[in-house]
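J.: Chains as they are written, first to last, in the numbering used here: chain U, 1 to 283; chain P, 1 to 256; chain G, 1 to 277.
Calculated from the structure, these hints are not laboratory results. All figures in this text were calculated on a predicted structure; none of them were measured in a lab. You may find that some hints are simply not true.
In silico EDC-like pairs for lysine to aspartate or glutamate, Cα to Cα no more than 20 Å straight-line [to be verified]: (1) P/Lys167 to P/Glu247; (2) P/Lys167 to P/Glu183; (3) U/Lys216 to U/Glu72; (4) U/Lys94 to G/Asp84; (5) P/Lys167 to P/Asp141; (6) U/Lys188 to U/Asp231; (7) G/Lys86 to U/Glu88; (8) G/Lys144 to P/Asp186; (9) P/Lys233 to P/Glu247; (10) G/Lys86 to U/Glu165; (11) G/Lys144 to G/Glu134; (12) P/Lys167 to P/Asp230; (13) U/Lys22 to U/Asp207; (14) G/Lys86 to U/Asp28; (15) P/Lys172 to P/Glu183; (16) U/Lys22 to G/Glu134; (17) U/Lys142 to G/Asp84; (18) U/Lys188 to U/Asp213; (19) U/Lys216 to U/Glu100; (20) U/Lys142 to U/Asp213; (21) U/Lys94 to U/Glu131.
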Amino acid sequence: MTSAISVRRLTKDFRIGLRGLKLRAVDDLSLEIPRGQVYGLLGPNGCGKSTTLKVVLGLVAPTAGEISILGEASATSAARRRTGFLPEAPYFHKFLTGRELVRYCAQLSGVSAGELASAVEDALGLAAMVEAADRPIGTYSKGMLQRIGFAQAVVHDPELVILDEPTAGVDPVGSAAIGRMIHAMRDKGKTVVLCSHLLGQVEQVCDRVAIMDRGKLVLEGAVDDVLARRDRHILTVEAMTPAARAAAEAALAAHGATVVSVTHPRRSLEDLFRELVTGSRDA
Amino acid sequence: MRRYLPWAVSGALLLAAGMFAEVSWRSVRPSIPEIGRKDLEPTLGQGVLLGVLGGLRTLVADLTWIRSYVLWERRDRGGCEALMRAACALDPHSRYFWEQTGYVIGYDLAHWEIRRRGGYDKVPAEIQERLFQTYGRRGIDIFEEGIARSRVTTPLVLCAAQLAEIKLKDHKLSARYYRQAAESPDAPWYAARICAQVIWQDGRQQEAYRWFRDYWTTRMLPRDDGYPDDLEKLRTMEEVLRIPPAERIPRARWER
Amino acid sequence: MQDSLRRMLWISRVTFLEAVRQRFFAFLLVLGVAMVLSSVSLRVFDFGHGELKFIADLGFGGLFFFGSVLAVVMTAQLFFSEIDNKTALTLLAKPLSRPEFLLGKFFGAWAVLGVFVVVLAGLLGAVLWAREIELVAAAEQAGKIPTTFSAGGLAQFVLLQWLRLGVVAAIVLALSSLARTFLFAVVVGALAVVAGQLQWIAQDAVLKPSDSAAYDAFLWVSSRLIPNLQQFNIGDALVLGAAGVPAGAVTTVFLSGLFYITAYLTVGALIFRRREI
């Protein structure tokens, strides 16, 4: 089976100023993004990840390299028909209601008239935007904008969904909701590519990650593989006394192992926040 | 090569559109009033450009005319003439603008110039006469331009005739204009009589009588009252020229 | 083809809705309406023109001036709002080609300009009609020939003005495809309108060739590359019968307008295809 996205030796230069100085945003990047997975493209601001996505979507022309989406050359209408995209900090026409926007995008994406109504309702349902669907977009909060953006990206039931910073500026409850949507897409067998610099969130939702820096790929692999340190282990112990700790350290030392540190496990602040505000909606 | 093909095609399209526009411009050109571009150049910076661009011509012409009157009151020769010419150029169909511009240039400007040079007592008579001639000619030129471009021409021909008579004292030229006015279909009743009078004053008395008699017989006599005042004038001419009674205009029944 | 037309239609529809909701459109429409209505009271400034001509001329002026401002500023704004707000990213990531996007924008803007022209010309027609009734009655009493206007001529003039504004909108879209900023597109677009309105000077000069080959070449190029917008200003002849309009002339001008629109949109689409968003 072909990859969801195949990038071969992509280079992208931007010309700056009247003298046409070259700025290399992406440098000889090669990537294979498998189907049916949630793929995270990570990196600091300006590392070239958004440019890579734009090139993949045909919004920016590559200086060199080849890109294909679902086996078809990128930047073709056929490839885009099978792709959904949520740009970073999306902005939509404020005078349209959420439902009108999703409908408009469905029409542009080639959803047939017969399937239009159900496709719009499904997408609004997936994004948990049914209740606010008839309000003008101008009245939406940041989180709602992201969710309606997600709905417009998936309304035509694409095989590949590309999300550029989907949780930027969104509170943890909203982020969790977007995380659930991403999982729902994966459960339906879709490929989700997301681009973010919020590492905690990527770790939670992604199956594979690629890390970019200064336009180059520095690491790529399954999340578990790249994060696990095979040379170290964690034991979680309950009701440990100082005597028990000393005995355990002695036993380990007898086998040539060394205890490097002993700490209390912590839950993340995000987990604590979500626990405290459970049930609140991002409205 | 294929890379440049779309650009070549679009360049060709632009050129083709331009060439087609030339054809369409030729077809509508007579329907658009001519604008005297040279006359507008000095005043383009004063809002007149808006009128040249399209629409609002009448309003801009009117406002330009009002401003020219302010300058007329200040006796600003250059400014007044430029704005009046601009009004004519913006709306060349307006008889009023041509008529008034011709009058101001032909009659007033010479007086302003004499005053500027110190007044009638200081400026020698021959210089004064030369100024009247110079500005009179320019007034005639304005009337000529108006005759060529305005739609109602006869009043402008009469203006030219009057200016030629009063300021240029050129009876031949004046008579030619009066005759042109008298022979036009919308000639006023007095044009022929003044024409005959001017030819007479020019010393061509026989010619004046013959022309006026012919004009009166063909164009005035068939009308309701036969213009008795003009017949009276013709009788005076016959007396002065001692035309034998048999050759005179036959006596009309209503004649006193 | 049908899908493509549908996509353009949807882009046009949203563009139209966006434009008519703008205060700028309402503002210019109100100014234009005020200008047409003011012709009735501004008649005191008139110096011997036919009264209907004065009213018509103010209406034509309103159509020209405010229509041109609307065509330049609104079209550029509709384009750059999509680019600057990144809605273009969302739309162009869908199976929508860039020419379809640009044409959709054009037809949306052109529809708004159509509404503007029809509203102003409708009002102008009503004012002319009302005044014509009074003038005809007065002329009949005085035994003079009354001045009248042609409603059919006004309809043809409306069509030509709509086309003229369409040409302006197409030029502005071509410029916007190239420009990086809204301001650049508006300033150059406005200059293009002025050049287009004055282009007939070159056209007239071309009709009378000079002795200088270089001058002739300059005129040849400028009279073809700069659109002749003055050819659409035959309102006096069409509406008031100031001069005869030769048979077929309106059709020729109409075709010329369509030709210009096609040419500038083609250039715009080519530039936009290469633009990085």
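J.: Keeping to a limit of 20 Å between CA atoms, is the pair of U/Lys22 and G/Glu134 held or broken?
T.: The given pair, whose Cα atoms are some 72 Å apart, is violated under the 20 Å limit.
J.: Between P/Lys233 and P/Glu247, is the straight-line Cα distance small enough, at 20 Å or below?
T.: 16 Å, holds
J.: Are the Cα atoms of P/Lys172 and P/Glu183 separated by 20 Å or less?
T.: Distance of about 16 Å is within 20 Å: holds.
J.: Holds or violated: G/Lys144 with P/Asp186, Cα cutoff 20 Å?
T.: 14 Å, holds
J.: U/Lys94 and G/Asp84 were given as a pair; does the straight-line alpha-carbon distance stay at or below 20 Å?
T.: With Cα atoms ~14 Å apart, U/Lys94 and G/Asp84 stay inside 20 Å; holds.
J.: Run the distance test for U/Lys22 versus U/Asp207: straight-line Cα separation, threshold 20 Å.
T.: With a Cα-Cα distance of about 35 Å, the restraint between U/Lys22 and U/Asp207 is violated, given a limit of 20 Å.
J.: So if I understand the rule, the pair passes when the alpha-carbon distance is 20 Å or less; does P/Lys167 with P/Glu183 pass?
T.: The given pair, whose Cα atoms are some 24 Å apart, is violated under the 20 Å limit.
J.: Measure nothing beyond the straight line between the CA atoms of U/Lys142 and G/Asp84; if it is 20 Å or shorter, mark the hint as holding.
T.: Holds, because 18 Å separates the two Cα atoms, which is no more than 20 Å.
J.: Straight-line Cα separation of P/Lys167 and P/Asp141 no greater than 20 Å?
T.: 14 Å, holds
J.: Hint check: G/Lys86 vs U/Glu88, CA-CA at most 20 Å. Holds or violated?
T.: 9 Å, holds
J.: Is it true that the CA of P/Lys167 sits at most 20 Å from the CA of P/Asp230?
T.: 26 Å, violated
J.: Take the C-alpha atoms of U/Lys188 and U/Asp213, compute the straight-line distance between them, and say whether it is at most 20 Å.
T.: Between U/Lys188 and U/Asp213 the Cα gap is close to 32 Å, so the pair fails against 20 Å, i.e. violated.
Hint compliance for this structure: hints 1, 2, 3, 6, 12, 13, 14, 16, 18, 19, 20 are not met, and every other hint is.
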